Amino acid sequence: MMNKRIVIVDDDFLIAEHLRRICVDAGATVCGMAHNASNAVEMIENEKPEFVLMDVRLGEARDGVDVSLEVNKTCPDMKIIFITGSSDPKTVQRINEDHPYKIMFKPIDPSALEGLLAA
Amino acid sequence: MTAPASITAQTSSIFARFPDHLHRLIFAVVTATAFVVLLFGWIFGYAPLTRIYPGGSVMVPSTASCFLLLAASLTAALPHPGHAAVPAFRALLRAVALCIAAIALIDLVVSFGGIATGVDALLFPHFAAPGAGSMSPATATCFLCAAICAFGLSLPDGIGDRAFTVSATFGLVICTIPLACYLVQPAALANVFFMAAMAFHTALLFALLFIGLMLANPNRGWIGLFFGDGIGSIGARRLVPLAILLPVLLTVAALAATRAGLIGMGFRSIFLSVAYIFMGVAGLLYNANAQNRSERRLKELFAELELANEEKSVLLAEVYHRVKNNLQQVDALLSTEARKHDAPEVRASFDAMSGRIRAVSTVHQLLIQRQNIATIELADFLRTLCDNIADAGGLASRNIALDLETDQDASTLSTATTLGLLVNEIVVNAIKHAFDGRESGRISVTYRIDAENGEDRILTVQDDGKGLDPSAWTGPHLMGGAGSMLINGLVNQLRGNIEVSSGNGARFVIRLPSSTLMENR
Numbered sequence: 001m002m003n004k005r006i007v008i009v010d011d012d013f014l015i016a017e018h019l020r021r022i023c024v025d026a027g028a029t030v031c032g033m034a035h036n037a038s039n040a041v042e043m044i045e046n047e048k049p050e051f052v053l054m055d056v057r058l059g060e061a062r063d064g065v066d067v068s069l070e071v072n073k074t075c076p077d078m079k080i081i082f083i084t085g086s087s088d089p090k091t092v093q094r095i096n097e098d099h100p101y102k103i104m105f106k107p108i109d110p111s112a113l114e115g116l117l118a119a
Numbered sequence: 001m002t003a004p005a006s007i008t009a010q011t012s013s014i015f016a017r018f019p020d021h022l023h024r025l026i027f028a029v030v031t032a033t034a035f036v037v038l039l040f041g042w043i044f045g046y047a048p049l050t051r052i053y054p055g056g057s058v059m060v061p062s063t064a065s066c067f068l069l070l071a072a073s074l075t076a077a078l079p080h081p082g083h084a085a086v087p088a089f090r091a092l093l094r095a096v097a098l099c100i101a102a103i104a105l106i107d108l109v110v111s112f113g114g115i116a117t118g119v120d121a122l123l124f125p126h127f128a129a130p131g132a133g134s135m136s137p138a139t140a141t142c143f144l145c146a147a148i149c150a151f152g153l154s155l156p157d158g159i160g161d162r163a164f165t166v167s168a169t170f171g172l173v174i175c176t177i178p179l180a181c182y183l184v185q186p187a188a189l190a191n192v193f194f195m196a197a198m199a200f201h202t203a204l205l206f207a208l209l210f211i212g213l214m215l216a217n218p219n220r221g222w223i224g225l226f227f228g229d230g231i232g233s234i235g236a237r238r239l240v241p242l243a244i245l246l247p248v249l250l251t252v253a254a255l256a257a258t259r260a261g262l263i264g265m266g267f268r269s270i271f272l273s274v275a276y277i278f279m280g281v282a283g284l285l286y287n288a289n290a291q292n293r294s295e296r297r298l299k300e301l302f303a304e305l306e307l308a309n310e311e312k313s314v315l316l317a318e319v320y321h322r323v324k325n326n327l328q329q330v331d332a333l334l335s336t337e338a339r340k341h342d343a344p345e346v347r348a349s350f351d352a353m354s355g356r357i358r359a360v361s362t363v364h365q366l367l368i369q370r371q372n373i374a375t376i377e378l379a380d381f382l383r384t385l386c387d388n389i390a391d392a393g394g395l396a397s398r399n400i401a402l403d404l405e406t407d408q409d410a411s412t413l414s415t416a417t418t419l420g421l422l423v424n425e426i427v428v429n430a431i432k433h434a435f436d437g438r439e440s441g442r443i444s445v446t447y448r449i450d451a452e453n454g455e456d457r458i459l460t461v462q463d464d465g466k467g468l469d470p471s472a473w474t475g476p477h478l479m480g481g482a483g484s485m486l487i488n489g490l491v492n493q494l495r496g497n498i499e500v501s502s503g504n505g506a507r508f509v510i511r512l513p514s515s516t517l518m519e520n521r
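Heads up: the sequence lines are chains A and B, in that order. Under this note's numbering, the first sequence has 12 at position 12, and the numbering climbs by one with no breaks. Under this note's numbering, the second sequence has 478 at position 478, and the numbering climbs by one with no breaks.
One should not assume that every hint holds.
[Claimed, not checked] With a straight-line Cα cutoff of 27 Å, these simulated DSS-like cross-link-like pairs (lysine-lysine) come out:
(1) A:K79 with A:K4
(2) A:K102 with A:K79
(3) B:K312 with A:K90
(4) A:K102 with A:K48
(5) B:K340 with A:K4
(6) A:K90 with A:K79
These aren't lab readings, by the way, just hints derived from the structure by calculation. Small disclaimer: the values here were computed from a predicted structure and weren't measured.
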């Protein structure tokens with residue numbers, strides 16, 4: 001129904017896979033899945049997807065916001081949806097250093113994500 | 001660090017017990033001395049007892065009687081530690097205090113009014129003669145102060161504290177002046193009308209009496225400051241002996257120097273004033289230093305606490321983060337499992353489980369955003385929960401409204417979780433079944449504090465759908481599915497009860513006691 005191209009960045013395999021299935025069910029194409037920051041930057045810059053589903057913590061020094069800030073230099077219009085487990089003010093403030101398309105808190109509601117992708 | 005702390009604790013416990021025995025001893029000494037002066041000095045006529053300081057003034061019978069009465073009734077009226085006061089003795093103490101105040105006032109009136117030399121002259125003609133002795137105005141003033149203090153002690157703590165403190169301090173100052181004169185230079189008293197007639201042992205007994213009065217209840221007055229274990233009290237205990245001894249020694253030395261003709265009286269006054277100024281300032285600075293040190297230490301401690309608190313907060317946020325991540329993992333696992341099944345009812349079951357997991361996680365989502373993490377605002381919580389349910393159920397596209405009205409209230413996390421699951425279950429059930437074949441619908445959730453008793457909380461979920469069979473939802477024979485079982489179980493967990501009715505749609509009314517809100521499971 002919508003042929004949107006999506007890159008998923010999450011260091012947790014289970015969650016990344018879950019997100020992938022939601023996207024596929026919604027009719028989108030998942031053109032890449034990255035589990036760490038440097039892979040993520042490379043993949044996003046190569047694929048130039050319409051949406052990125054971005055985890056904040058990636059289990060290393062650089063987080064999802066760093067990735068987002070870096071790819072914004074080459075692709076400023078990319079829609080980056082942050083998906084995070086922590087809703088504490090610091091994390092939200094950190095995410096807002098970038099210009100997120102949307103922030104979602106885990107565990108996410110699949111239909112809400114589908115709605116975002118369809119918009 | 002440990003050793004000084006234990007020494008301080010020991011010292012403070014000694015000082016805490018000490019006053020209990022001391023004021024009794026003081027009152028006993030005053031009673032006995034007054035009794036001896038009255039009996040042997042006046043009744044048996046042994047003069048050295050009435051004029052204990054050669055060349056000084058006499059303790060007249062009225063003064064000795066007042067001491068005897070007051071100290072004896074104080075001993076009787078003040079309870080032993082751990083014992084209740086006897087009301088009759090308290091009444092006696094009040095009567096004695098009033099009586100002594102009256103005697104003191106009469107003495108002041110007659111001596112200042114020039115009617116007689118004092119109250120004794122009114123009773124015994126012997127005392128009308130010049131030089132026979134009288135109750136000096138200073139003695140009468142001290143008795144007035146002591147009577148106020150004694151009366152204050154018969155009242156409950158907190159009543160008349162200021163009058164007690166002022167009277168005890170004023171009395172102590174007045175009697176200390178003649179006492180110091182007797183010790184240092186008795187001739188100095190000679191021409192002072194106000195206190196010349198105060199005997200040496202009268203001044204001494206007054207000093208003891210006022211200290212005893214303050215020790216009788218260290219919570220009143222300032223004497224308790226000497227027995228505290230704070231840095232201020234430690235400083236006071238160290239400095240007070242010096243504050244008494246140094247001026248006395250200095251004054252004695254200055255007087256000796258005058259007598260020897262080394263310095264004149266004018267120079268002596270100026271010299272002593274300057275010396276006292278410097279002593280006072282030195283004391284103040286000593287205290288200021290101690291206070292600054294203690295404040296510095298307090299600031300350090302505060303900073304340490306703040307750091308520790310910060311670390312704890314970070315740790316807690318980390319735990320909540322993990323919880324939410326784990327819930328997402330569980331949801332992902334369920335979703336993986338759900339894909340194995342094609343049957344719509346099985347998929348619906350898995351969807352319901354996902355919804356419940358998200359209801360539980362709503363508590364954590366709100367929790368991390370808050371400063372106070374012990375409780376959660378139910379209005380915010382239910383609002384977020386209902387918004388999430390509305391999004392997940394696609395209510396906007398189905399033309400179903402989900403209204404929420406809540407009173408301001410807070411609960412623990414575990415109770416909020418249970419409440420959230422309950423609301424999720426009932427609302428999701430309504431979304432699924434209530435509006436079959438309808439164009440639109442309305443579900444309203446209200447959370448109210450019971451206006452009648454202010455104690456109970458009433459949660460109502462109502463829809464305007466097709467209604468249901470109430471008997472399937474409550475009672476011992478649960479005819480409904482897992483949903484109704486869950487609802488009844490959750491209501492029991494909240495220690496509440498549920499009423500289900502069906503008229504224009506279904507109506508669930510859950511009543512729970514407010515005590516549940518603060519429970520931690």
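Evaluation of the provided hints:
no.: 1; hint: A:K79 with A:K4; verdict: 11 Å, holds
no.: 2; hint: A:K102 with A:K79; verdict: 8 Å, holds
no.: 3; hint: B:K312 with A:K90; verdict: 15 Å, holds
no.: 4; hint: A:K102 with A:K48; verdict: 18 Å, holds
no.: 5; hint: B:K340 with A:K4; verdict: 26 Å, holds
no.: 6; hint: A:K90 with A:K79; verdict: 22 Å, holds
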